[in-house]
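Below are the chains, spelled out letter by letter.
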Amino acid sequence: MTALKVAVWRGGESGHFQEFEVPRLASQTVLDVVTYIQRSLDPTLSYRFACRVGMCGSCAMTVNGKARWTCRTHVSRVAVDDRLELAPLANLPTVKDLVTDMSAFFDKWAAARGRFRGDTTRKDDFARVKPDSPRRKLVDEAIECIGCGVCYSSCDVVSWNPDYLGPAALNRAWTLCNDVRDVDRRARLEAVAGDAGCHACHTQMGCTERCPKQLSPTAAIAGLKRAALAAALKGEL
Amino acid sequence: MNIRTQVLLWGAQRVSAAVLALCVIVHLATIVYAVRNGLDAAEILGRTRGNPSWAAFYAVFVAAVTVHAPIGLRSILSETFGWRGRGLDVAMFAVALTLLTWGSRAVYAVFGA
Ligand code: SF4
Ligand code: SF4
Ligand code: FES
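These protein sequence lines map, in sequence, to chains A and B.
First residue of the first sequence? That's 16 in our numbering, and the numbers climb one at a time after it.
First residue of the second sequence? That's 61 in our numbering, and the numbers climb one at a time after it.
Hints may be right or wrong, so weigh each one.
Claimed, not checked - Partial chain B-side listing against chain A, Cβ under 8 Å, derived:
1. Arg64
2. Gln66
3. Gly71
4. Thr158
Stated by the list, open to error - Derived DEER-like restraints, expressed as beta-carbon distance ranges:
5. Ala18(A) - Trp143(B): 48 to 54 Å
6. Leu160(B) - Asp155(A): 43 to 49 Å
7. Ser174(A) - Ala154(B): 46 to 52 Å
8. Asn62(B) - Asp147(A): 36 to 42 Å
9. Arg150(A) - Ala166(B): 38 to 44 Å
10. Arg150(A) - Trp143(B): 36 to 42 Å
11. Pro108(A) - Leu82(B): 45 to 51 Å
12. Leu82(B) - Arg201(A): 43 to 49 Å
13. Lys145(A) - Ala89(B): 49 to 55 Å
14. Val86(B) - Ala245(A): 26 to 32 Å
Stated by the list, open to error - Not close to chain A: a few residues of chain B, all C-beta gaps over 10 Å, as computed:
15. Trp70
16. Ser76
17. Val86
18. Leu99
19. Val120
20. Val122
21. Thr126
22. Arg144
23. Phe153
24. Trp162
25. Gly163
I should point out that these hints are in silico values taken from the structure, not numbers from a laboratory.
Computed from a prediction, not measured in an experiment: that's the story for all the values here.
Glycine included, C-beta positions come from ideal geometry on N, C-alpha and C.
Make a model of the complete structure from these sequences and hints.
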């Protein structure tokens, strides 16, 4: 059986890579590798996961230099010469080892008004939204986000401008802007427009290339840019 | 700077980029034409001076540069050096005025004088 050589980040903001040898198995995921290290080699290793099936968004790390969800990334796809380098996500403060503090990431969802607000009560009838209506289709394209932070960690603008809301929060805002039941559209456009919002995006598509759910935050952001410009021209911002 | 102004600046940069793309093509074609035909400065000025079409073209060119360059520079400076806020905006306004002044002098030189 061959062995994988795995360099794992240890420490907080400052630290070092520690080398481990992990048995190479068939169909092994990067998360399997991390779990093996923690269960069999060093129980002090800290990392995050929950669902192991690509739903919860908690297992993202930097794998050989690129942000990825680790539970659904096969070692065979990413190991170079049976080597892996595992580090915490970029653009977020490291708490310990492979664990980052994701507060800023989620605070920005709140700042982008990523919460639905309707104006009906339980006494009203259900809203009827046709699945093939144009706005519902735009929602479909962006709705499957699992909040993993891979896009946020892959975006250069986030590293250059710490106030930038980032691709995931803007993508979320775009789904709500296209929700015909939502009544917060104007305030949301104001929250996501301008220098710290969608207009800061350089359309380099790092987020879209890396998003494990194959979403395109870039397209969502382009939609927000146009919607906000239209609102600004009408004097609604 | 308020949000609305930020958004309108973004829009202005998009529009001025489209104008610049056209202007640069025309400008390059003009240079190639002048070089190919061996025109010297006096001959070029002979054709542009007093010609309102050239004056209008270069006035539009200068206007587009005046709008486009400072907005882009503002982003570059804030992303590269973390410079933000009123000081940056005032400085970029000064850059715009400088570009407008130099550009207008150039337009005046090829058209009038
Ligand atoms: S497209 Fe925009 S949001 Fe996505 S990585 Fe590039 S700059 Fe960031
Ligand atoms: S948009 Fe994609 S990469 Fe970004 S948080 Fe959502 S699922 Fe993850
Ligand atoms: S562990 Fe839930 S997405 Fe990977």
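Classify the label on Leu99(B) as holds or violated, using whether its beta-carbon is more than 10 Å from each beta-carbon of chain A.
holds, 40 Å
Could you check that no beta carbon of chain A comes within 10 Å of the beta carbon of Trp70(B)?
violated, 4 Å
Beyond 10 Å from chain A, beta-carbon-wise, is Thr126(B)?
Given that every Cβ of chain A is farther than 10 Å from that of Thr126(B), nearest at about 20 Å, it holds.
Does Gln66(B) hold up as a contact with chain A if the rule is Cβ-Cβ below 8 Å?
holds, 4 Å
Taking the CB of Leu160(B) and the CB of Asp155(A), does the distance hold inside 43 to 49 Å?
At 47 Å between Cβs, range holds.
Verify that the Cβ of Arg144(B) lies farther than 10 Å from every Cβ atom of chain A, and report whether the claim holds or is violated.
violated, 8 Å
Since Val86(B) was said not to touch the interface, does its Cβ keep a gap of more than 10 Å from each Cβ of chain A?
Correct as stated: the minimum Cβ-Cβ distance to chain A is 27 Å, above 10 Å.
CB-CB spacing for Ala166(B) and Arg150(A) relative to the 38 to 44 Å hint
violated, 49 Å
Is the hint on Thr158(B) kept, meaning its closest Cβ partner in chain A is under 8 Å away?
Status violated, d = 23 Å.
Closest CB-CB distance from Val122(B) to chain A, is it above 10 Å?
Consistent with the label, Val122(B) stays out of reach of chain A, its closest Cβ about 25 Å off (over 10 Å).
Okay, Val86(B) versus Ala245(A) on CB: inside 26 to 32 Å?
holds, 31 Å
Evaluate the condition: distance from the CB of Gly163(B) to the nearest CB of chain A exceeds 10 Å.
Holds: least Cβ distance 26 Å, greater than 10 Å.
The structure does not agree with the numbered hints 4, 7, 9, 12, 15 and 22 stated previously, though it agrees with the rest.
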